[in-house]
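Q: Put the complex together from the two separate chains, hints included.
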Amino acid sequence: MTRLDRIASRVVLLAKLPGNKLRSEIAKELRAHLEDLTEEARSYGYDEQASAWMVNRRFGEPQEIASAFASVYAPERLAKRLAQAALLVIASTVAVVVVIGTVQSIAAICTATSILSTFRDIHWELFGFGAITAGYCSLYAGERLFPTSLARAVLPSVTLGLWLSAIFVWLIPQHAALPLAAFTCAALGRLLQRVEIPLVWFAGTALPLLIAWALFGRLISGWQFPWLVWLGLTICCKVLREVVQFLERFVFSESFA
Amino acid sequence: MPFDRELLKGSIALLILKLLSERDMYGYEIIQESLRRSQEAFEFKEGTLYPALHQLHKRGYLRSEWRTGENGKQRKYYALTAAGRKAARASEKEWFFFTKMVNAILSKANP
Numbered sequence: 001m002t003r004l005d006r007i008a009s010r011v012v013l014l015a016k017l018p019g020n021k022l023r024s025e026i027a028k029e030l031r032a033h034l035e036d037l038t039e040e041a042r043s044y045g046y047d048e049q050a051s052a053w054m055v056n057r058r059f060g061e062p063q064e065i066a067s068a069f070a071s072v073y074a075p076e077r078l079a080k081r082l083a084q085a086a087l088l089v090i091a092s093t094v095a096v097v098v099v100i101g102t103v104q105s106i107a108a109i110c111t112a113t114s115i116l117s118t119f120r121d122i123h124w125e126l127f128g129f130g131a132i133t134a135g136y137c138s139l140y141a142g143e144r145l146f147p148t149s150l151a152r153a154v155l156p157s158v159t160l161g162l163w164l165s166a167i168f169v170w171l172i173p174q175h176a177a178l179p180l181a182a183f184t185c186a187a188l189g190r191l192l193q194r195v196e197i198p199l200v201w202f203a204g205t206a207l208p209l210l211i212a213w214a215l216f217g218r219l220i221s222g223w224q225f226p227w228l229v230w231l232g233l234t235i236c237c238k239v240l241r242e243v244v245q246f247l248e249r250f251v252f253s254e255s256f257a
Numbered sequence: 001m002p003f004d005r006e007l008l009k010g011s012i013a014l015l016i017l018k019l020l021s022e023r024d025m026y027g028y029e030i031i032q033e034s035l036r037r038s039q040e041a042f043e044f045k046e047g048t049l050y051p052a053l054h055q056l057h058k059r060g061y062l063r064s065e066w067r068t069g070e071n072g073k074q075r076k077y078y079a080l081t082a083a084g085r086k087a088a089r090a091s092e093k094e095w096f097f098f099t100k101m102v103n104a105i106l107s108k109a110n111p
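One line per chain: the protein sequences are A and B, in this order.
FYI, this note's numbering numbers position 193 of the first sequence as 193, with every residue one higher than the one before it.
FYI, this note's numbering numbers position 15 of the second sequence as 15, with every residue one higher than the one before it.
Chain B on its own, in the form it takes in the complex (with noise of 0.2 Å):
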């Protein structure tokens, strides 16, 4: 179903923050995580990743290092420091009372 990219531009920092709460990642790999668990729905653009993972690292959530793969490659990935943690658990439950509180107003108006 087709939606309004605003609203995924509007908790990518959210959707990162949870990704990341589970493991260590690069930034193609988020985008093939998040595409996998939206079912294909969610697609990141590189201008709103990359960008939002350096915001992201800016504020300290996030540290960085690169590390080589096993097929040589390198790749820059990206780990919760313990206040991206915490602003992981505050953003989660800041969005579970939002969408609820979006939610009891639609079920209101569609009785």
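Chain A on its own, in the form it takes in the complex (with noise of 0.2 Å):
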């Protein structure tokens, strides 16, 4: 990569512009114009580095082409990152229900229950799916806006969990135990998942469980099998991660290049 290649990077780079196409357009555009400086300043008999120095102050700084760039293209990239979100909650959303679904499922048939019976309460279940959802999404889109902030990077989920508390207190007073504790799991299973010790994130899921178990008692009907419980909500925790890694890979990877 040459010096002016550099310069041109280094303005799309800053620019957070989104789409593979206009970066490599623009980095290309910005390249050419840098290089008619730099016959400019040769033909001012200028040697290398005194055309270096002057293309360098008639471009500018990268930093503020950058900036200029970003505010023309800010429309397109808050599209792409909401269209990005509502992937990310979706792909989350049915992550949750398969887990959750599979782990009623085995659980109906290692007791001997009729699978439609561990489903018969689905409409109740169905605010614990958003909540395992919007507590695992809330946290990690506050770790990729606050990245160096751990305080921070927990500000959504907190004001979400509270906004989310308000609702299911207003919509399903008796139901509304379950969906915040499982809020709260899946919140905490991401927060410890960014610990290095292995399984430590495990306690994320329990400990919000054992405490609305201990403040409220019996959460759900089936509620005779609490570790079932905390077994779908860790291995939804889990599951959710390779999610997120998935799509951060062959999804997102451009957004964040």
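Just so you know, the hints here were simulated from the structure itself, not pulled from any lab data.
We treat Cβ as the ideally placed atom computed from N, Cα and C, and that holds for glycine.
Hints are not guaranteed to be accurate.
Pairs of lysine to aspartate or glutamate, EDC-like flavour, derived with a Cα cap of 20 Å [stated by the list, open to error]: (1) B:45 x A:61; (2) A:28 x B:92; (3) B:76 x A:39; (4) B:73 x A:5; (5) B:86 x B:24; (6) A:21 x B:65; (7) B:76 x A:5; (8) B:73 x A:36; (9) B:45 x A:121; (10) A:16 x A:47; (11) B:76 x A:40; (12) B:73 x A:40.
Ranges between beta-carbon positions, derived for each pair [claimed, not checked]: (13) A:6 x B:57: 19 to 27 Å; (14) A:39 x B:11: 22 to 30 Å; (15) B:57 x A:85: 25 to 33 Å.
A: Pasting the structure below:
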């Protein structure tokens, strides 16, 4: 990579432009411009060092150009981020439904009960599915928004948690405890997945459940197997981590390049 | 004579549209042409020109294409669209009205 390539790439990188095509197009355009500036400097008889100085002076600060480009493409960047967020939420919800459904079905088979009977409270469970997704994804969003500050990274989860508490208590006062515990489990699970010690995040899914159990007692009709609820939430956190990693690698990769 | 750069920033879209209404140009050429015509007074900075070109392109006032020059170099040329021509005329008209009013006020203030 030449010096001119580096300048053009720096602008494009700092501008956080949406899409590889746009990025390479602008880099190519700026590169052509820098070549013209270099030729002009040489035509004045400047040597390599002097022409590099002149090009830098005429071109200006890459950061300044990048922020001007960033504001031009801000709506496209926002639309792309929203589409990615929607994809993450949909993929995560599907994963949660599949995991919990599978765990419940296996439990029903093992206890020789009807699979259909385990899903009789499915309408309440839907709140739980949404809460798990919201808990995990809100913490992930916080990590992306504030990569350098843990205190700030948890802010979206805390805010969303408070809103969900109010909504659940208002909408489903008798059944609010489990989805809220599930939300906390998922968020705490994600938080502890950052810890280097293997499997410590298992505690993240267990602790809120134990607290909820101590405070409210039975949370659901199938509470005779509390470990099953913990197992479902733990597997959910594991699967959600895989979902996030997959999307980061294959779908979101160009945004974070 | 030195002047406030913000004045140039505010009129950059008009200047680009006007220059491109005469012929297709690429970024560096627009800078050179504006320097020549303004007797070196107006020097667009790249941080102003290229984002402005892309903004006008997004609005549908410009179209662009890569062309290979005589020296084999590829450059991105910008040209006005029909909407761009209309916008250029409107902006020019607006500018003349504006400067006329400013001049009218200034001339009253300094009889």
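Q: Is residue 86 of chain B close enough to residue 24 of chain B, meaning Cα to Cα at most 20 Å?
A: The given pair, whose Cα atoms are some 16 Å apart, holds under the 20 Å limit.
Q: Taking only the CA atoms, is the gap from residue 73 of chain B to residue 36 of chain A under or equal to 20 Å?
A: Distance ~10 Å between residue 73 of chain B and residue 36 of chain A Cα, so the pair holds.
Q: Between residue 39 of chain A and residue 11 of chain B, does the C-beta distance stay in 22 to 30 Å?
A: 29 Å, holds
Q: Hey, residue 16 of chain A versus residue 47 of chain A, does the alpha-carbon distance stay inside 20 Å?
A: 34 Å, violated
Q: So if I understand the rule, the pair passes when the alpha-carbon distance is 20 Å or less; does residue 45 of chain B with residue 61 of chain A pass?
A: 10 Å, holds
Q: Are residue 76 of chain B and residue 5 of chain A close enough, with their CA atoms no more than 20 Å apart?
A: 17 Å, holds
Q: Please work out if residue 45 of chain B and residue 121 of chain A have their alpha carbons no farther apart than 20 Å.
A: Violated: residue 45 of chain B and residue 121 of chain A sit about 65 Å apart, past 20 Å.
Q: Between residue 76 of chain B and residue 40 of chain A, is the straight-line Cα distance small enough, at 20 Å or below?
A: 18 Å, holds
Q: That 19 to 27 Å hint for residue 6 of chain A and residue 57 of chain B (C-beta), does it hold up?
A: 26 Å, holds
Q: Could you grab the alpha-carbon distance between residue 73 of chain B and residue 5 of chain A and see if it respects the 20 Å cut-off?
A: 15 Å, holds
Q: Has the given pair, residue 73 of chain B with residue 40 of chain A, been kept, meaning a C-alpha gap of at most 20 Å?
A: The given pair, whose Cα atoms are some 14 Å apart, holds under the 20 Å limit.
Q: Check whether the Cα positions of residue 76 of chain B and residue 39 of chain A lie no farther apart than 20 Å.
A: Holds, at about 17 Å.
When the structure is compared with the earlier hints, violations turn up for hints 2, 9, 10 and for no others.
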